[in-house]
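**Student:** For the protein sequence lines, the chains are A and B, in the order given. So for the first sequence, UniProt numbering puts the first residue at 1; every next one is plus one. So for the second sequence, UniProt numbering puts the first residue at 1; every next one is plus one.
One should not assume that every hint holds.
[Said to hold, decoys possible] Below, computed lysine-lysine pairings styled on DSSO-like, alpha-carbon distance capped at 30 Å:
1. A:14 with A:25
2. B:67 with A:85
3. A:205 with B:187
4. A:14 with B:9
5. B:222 with A:157
6. A:222 with B:202
7. B:187 with A:202
8. B:140 with B:233
9. A:228 with B:187
10. B:182 with B:233
11. A:233 with B:157
12. B:3 with A:85
13. A:222 with B:187
14. B:14 with A:233
15. B:67 with B:90
Just so you know, the hints here were simulated from the structure itself, not pulled from any lab data.
Number of protein chains: 2
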Amino acid sequence: MGKINTLEKPTPEKTTRFIKNAIKKSKLLTIAGKCEVDYQGRADGYLPLGERITILKPDGTTLVHQKNNSDPINWQPPGSRPSVKTQNKKVELKSERTSPNETLTITIHETLHTTSYNLTDGAQLTLNKQESQMQKQITKNPEIIEEGLRIIEAERKTGYGRIDLFGRDSQGNNVIIELKRKRVGPKAVDQLQRYIDYYQEKGYKNIRGILVSPSITPNAQKRIEDQKLEHIKLEPPKTKPQRIKTLDQFKNQQ
Amino acid sequence: MGKINTLEKPTPEKTTRFIKNAIKKSKLLTIAGKCEVDYQGRADGYLPLGERITILKPDGTTLVHQKNNSDPINWQPPGSRPSVKTQNKKVELKSERTSPNETLTITIHETLHTTSYNLTDGAQLTLNKQESQMQKQITKNPEIIEEGLRIIEAERKTGYGRIDLFGRDSQGNNVIIELKRKRVGPKAVDQLQRYIDYYQEKGYKNIRGILVSPSITPNAQKRIEDQKLEHIKLEPPKTKPQRIKTLDQFKNQQ
DNA sequence: CGTGCCAGGTGCCAT
DNA sequence: ATGGCACTTGGCACG
Chain A
1 MGKINTLEKP TPEKTTRFIK NAIKKSKLLT IAGKCEVDYQ GRADGYLPLG ERITILKPDG
61 TTLVHQKNNS DPINWQPPGS RPSVKTQNKK VELKSERTSP NETLTITIHE TLHTTSYNLT
121 DGAQLTLNKQ ESQMQKQITK NPEIIEEGLR IIEAERKTGY GRIDLFGRDS QGNNVIIELK
181 RKRVGPKAVD QLQRYIDYYQ EKGYKNIRGI LVSPSITPNA QKRIEDQKLE HIKLEPPKTK
241 PQRIKTLDQF KNQQ
Chain B
1 MGKINTLEKP TPEKTTRFIK NAIKKSKLLT IAGKCEVDYQ GRADGYLPLG ERITILKPDG
61 TTLVHQKNNS DPINWQPPGS RPSVKTQNKK VELKSERTSP NETLTITIHE TLHTTSYNLT
121 DGAQLTLNKQ ESQMQKQITK NPEIIEEGLR IIEAERKTGY GRIDLFGRDS QGNNVIIELK
181 RKRVGPKAVD QLQRYIDYYQ EKGYKNIRGI LVSPSITPNA QKRIEDQKLE HIKLEPPKTK
241 PQRIKTLDQF KNQQ
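Using the sequences and the hints, build the whole thing.
**Tutor:** Put into structure tokens, the structure is as follows:
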């Protein structure tokens with residue numbers, strides 16, 4: 001890991017130089033300071049003066065975090081281009097991108113603390129209990145859903161999106177299956193119905209729609225019944241954690 | 001602002017003490033270090049060793065950020081309870097919550113840099129181009145949608161969610177309006193249809209459904225026509241930015 | 001790039 | 001707590 005540099009209560013000029021250098025060297029940067037934030041783009045926003053932590057990542061991601069909440073109060077996504085200058089004794093940190101065109105302007109009135117980091121990390125997250133795992137599980141053991149069911153295709157395309165699983169039951173009916181990893185409401189029913197509509201428009205007959213999820217709200221259950229669809233309760237599976245070594249770790253071992 | 005404290009390459013014991021103190025004093029904390037992350041809860045996840053920045057907020061929010069991407073690779077939401085201890089010469093930082101029950105465990109093998117902050121910030125973001133602003137705009141000037149339209153109610157309840165705007169046209173038809181701040185696909189059409197279904201189940205006649213958005217995908221347009229609904233193009237309004245002074249700023253002036 | 005969907009979505013609000 | 005939904009959703013996969 002490269003050296004970590006920190007400035008405490010630097011002047012605006014020093015802050016600007018520090019940020020410029022961090023951007024050039026592709027470092028991850030945190031800036032604690034009193035700032036106001038202006039955003040113009042997909043929406044327009046203004047955040048008055050306050051003390052926050054700004055994070056600038058090497059990929060252009062910019063995050064402004066307040067002392068509470070998971071989500072940043074203002075941000076700019078990866079791919080944004082940062083720039084910084086001193087103006088009226090304030091540090092003006094801009095992060096811009098095109099398509100869509102948007103600009104985040106952080107005006108730092110007072111820098112309290114700023115640090116630049118050089119992080120090495122090639123690891124990837126492995127996750128369980130995902131919808132994709134339900135898909136694999138059912139493809140392998142269709143009898144979980146129903147005896148005699150055959151899965152023909154996963155992710156089958158329609159004009160309105162992809163069907164999670166498409167199959168045929170023991171009676172020869174077409175079966176459209178929509179999977180959800182957690183409790184569902186009416187909009188999951190509509191998603192299923194949309195795929196059925198697509199095939200009915202195409203002239204298909206004998207189509208069954210099955211919504212699969214751990215649970216369902218009462219309103220969604222009513223709508224399932226009204227539209228002659230079916231719901232089956234199923235929890236997402238928990239597979240063994242794969243603690244695969246990543247490229248970075250492999251390199252570290254050389 | 002309270003004092004900002006920083007430790008560089010502290011021992012596990014020093015790190016643990018530092019974190020404990022920051023939690024007790026309700027400070028915002030950042031920890032740069034080589035760590036692995038385990039998550040058990042709504043899903044199960046494991047992130048192998050790598051260098052990351054962990055942020056611990058006074059409200060219990062915990063964020064693990066890699067050097068790229070907007071989203072944290074692992075996290076815990078506000079309301080989680082953090083705890084920390086030294087074990088096998090490693091720092092084990094846990095963040096737990098109930099309902100749902102979930103635990104995030106960050107095992108720090110090496111602390112590179114850690115800082116605690118005491119931030120003062122009562123400011124709130126004002127945002128333009130929101131759906132709620134389209135709602136107000138149309139309520140005030142219904143002729144934007146159609147001459148002779150009267151808006152009767154906003155957020156009218158149905159069994160399947162709330163209707164953005166409910167009104168009546170010059171012919172006496174009931175009009176259900178669904179607003180979207182950006183380009184819509186088929187699922188917005190279904191959302192509108194769902195509200196119409198609700199009133200049709202109730203026996204209402206003469207119901208029109210109007211989807212209002214800046215633009216629409218071809219598939220959604222087709223579905224609008226198939227279901228005899230209507231689409232009207234409208235951009236979300238940009239109102240004047242309100243740079244209202246917040247309580248914190250008011251206090252600062254005393 | 002646009003189209004569509006999953007996500008440990010988060011956050012907000014109403015019952 | 002549950003329900004339903006907007007969001008600068010972000011992220012991914014595919015045409």
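**Student:** Each of the hints needs a verdict: does it hold here or not?
**Tutor:** Evaluated hints:
Restraint check: the Cα-Cα separation between residue 14 of chain A and residue 25 of chain A comes to about 16 Å, which is no more than 30 Å; the hinted pair holds. Our distance criterion of 30 Å between C-alpha atoms is met by residue 67 of chain B and residue 85 of chain A, whose separation comes to about 24 Å. In summary, the hint linking residue 205 of chain A to residue 187 of chain B is supported, as the alpha carbons are separated by about 24 Å, within the 30 Å threshold. A C-alpha spacing of about 24 Å is found between residue 14 of chain A and residue 9 of chain B, which places the hinted pair at or below 30 Å, so the restraint holds.
Taken as a hint, the residue 222 of chain B and residue 157 of chain A pair is honoured in the structure, with Cα atoms around 17 Å apart against an allowance of 30 Å. Our distance criterion of 30 Å between C-alpha atoms is met by residue 222 of chain A and residue 202 of chain B, whose separation comes to about 14 Å. Using a Cα cut-off of 30 Å, the hinted pair residue 187 of chain B and residue 202 of chain A holds, with the two alpha carbons roughly 20 Å apart. Between residue 140 of chain B and residue 233 of chain B the CA atoms are separated by roughly 18 Å; this keeps the pair inside 30 Å, and the hint holds.
Taking the CA atoms of residue 228 of chain A and residue 187 of chain B, the gap is about 20 Å. The hint holds against a cut of 30 Å. Taken as a hint, the residue 182 of chain B and residue 233 of chain B pair is honoured in the structure, with Cα atoms around 10 Å apart against an allowance of 30 Å. For the hint linking residue 233 of chain A to residue 157 of chain B, the alpha-carbon distance of about 28 Å falls within 30 Å, and the restraint holds. At most 30 Å may separate the alpha-carbon atoms for a hinted pair to count; residue 3 of chain B and residue 85 of chain A meet this at roughly 27 Å.
For the hint pairing residue 222 of chain A with residue 187 of chain B, the CA-to-CA distance comes to about 19 Å; that is within 30 Å, so the pair holds. In summary, the hint linking residue 14 of chain B to residue 233 of chain A is not supported, as the alpha carbons are separated by about 49 Å, beyond the 30 Å threshold. Between residue 67 of chain B and residue 90 of chain B the CA atoms are separated by roughly 22 Å; this keeps the pair inside 30 Å, and the hint holds.
Hint 14 from the list above is the single one not met by this structure.
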